[in-house]
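**Student:** Chains A and B supply the protein sequences, listed in that same order.
Quick note, the first sequence lines up with residues 0 to 189 if you use numbering that gives the first Met the number 0.
Quick note, the second sequence lines up with residues 0 to 189 if you use numbering that gives the first Met the number 0.
Each hint should be verified, as a subset may be incorrect.
When chains are identical, the list treats them as one kind, so a pair holds in a single copy or across two.
With a cut-off of at most 35 Å between alpha-carbon atoms, the simulated DSBU-like pairs for lysine-lysine come out as follows [as the list claims (entries may be wrong)]:
1. Lys-48 / Lys-38
2. Lys-73 / Lys-189
3. Lys-185 / Lys-73
4. Lys-185 / Lys-38
5. Lys-73 / Lys-8
The hints are simulated quantities; they were obtained by calculation from the structure and are not laboratory data.
Take a look at the letters that make up each chain.
Protein chains: 2
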Amino acid sequence: MARPSLREKLASSAVETLHASGFNGCSIQDITDAAGVPKGSFFNHFENKEALAIDALRRYLEGTRADLLFDMSKPPLERLRGHFTYLASRFEGCNFERGCLLGNFATEMTREYPRMREELRQVFETWCGGVESILREAQAVGDVDPRHDPGQLARFLVNAWEGVALRLKITRDRGPIDEFFNVTFKVLLK
Amino acid sequence: MARPSLREKLASSAVETLHASGFNGCSIQDITDAAGVPKGSFFNHFENKEALAIDALRRYLEGTRADLLFDMSKPPLERLRGHFTYLASRFEGCNFERGCLLGNFATEMTREYPRMREELRQVFETWCGGVESILREAQAVGDVDPRHDPGQLARFLVNAWEGVALRLKITRDRGPIDEFFNVTFKVLLK
């Protein structure tokens with residue numbers, strides 16, 4: 000197996016460091032130290048810390064199994080449940096301490112980093128679009144009330160999920176996740 | 000009028016600085032500079048930056064008009080709507096750029112600051128308790144389906160609201176707020 004390039008080593012380690020510590024909670028030095036690469040090498044590979052964070056966001060998204068939203072072998076609401084179940088397992092995997100990288104960056108970076116803000120705008124739009132298409136399907140097969148606006152409902156749900164991710168950092172237990180599932184699938188989408 | 004004490008000047012200015020820049024996005028020097036007080040005076044008044052942030056959180060909460068939740072002259076759901084309408088006006092007042100200080104601190108501080116985490120745990124619990132009692136009243140007068148668990152619904156709504164606050168930092172328009180109101184009052188609490 001080929002050794003990972005310095006850039007790869009730096010970028011993949013940065014996802015962990017930025018997720019655990021936050022964008023402003025770690026320095027470039029912290030990131031290069033954690034990656035085991037020389038600090039001086041940073042600017043050979045990334046224009047600045049924001050560019051690294053955008054790269055980290057994309058890598059993080061690759062691990063979110065967005066394909067689960069489009070697995071047409073399953074009924075729409077089961078797919079939606081599988082999607083959030085997978086995301087929940089990731090929160091649980093780090094003891095609920097890290098939250099969602101999207102939400103973390105939205106909180107810390109949107110005011111001062113317009114490129115990150117635009118990146119996040121697109122990421123959330125795509126995510127909401129995927130959830131919306133599932134809700135449309137669910138309406139077509141009679142599983143969701145056809146009078147609801149599926150786009151609005153999708154955006155509401157995605158935002159609610161981000162609120163759950165944030166609350167988990169306080170509770171450090173599954174409570175907010177279980178309540179999201181109960182209210183979403185037993186009340187809202189009934 | 001008496002001049003505000005140095006401590007008061009520092010603490011009230013810190014709410015703004017911490018809300019705008021985030022806990023890790025500003026230094027003690029930034030905070031004392033913004034307050035127009037000598038940096039050296041900081042530790043005469045606060046044990047550390049976390050203690051200042053906890054003080055800022057309490058001041059922030061004083062501005063959230065929690066009394067609106069308990070104005071018994073209005074029907075319960077109207078009160079709930081008034082509560083979120085007031086919070087929304089605060090987001091709008093800073094061009095949606097700052098989010099909610101509770102959510103911001105939850106995102107940035109819970110991992111490394113156990114006192115802040117405990118403070119946030121209590122604040123969210125109290126807030127959710129207030130919303131829960133409104134929902135119970137609404138159930139008693141027949142405005143909300145009595146089969147729903149009001150505590151669970153309250154926690155879901157508060158988390159969803161925090162997700163809205165975060166999403167506003169990206170969209171910088173009322174969209175997420177309007178959608179929260181539509182889904183909450185026209186779908187969820189029907």
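**Student:** Among the hints numbered above, which are violated by the structure, and what are their numbers in rising order?
**Tutor:** Per hint list: 4 and 5 violated.
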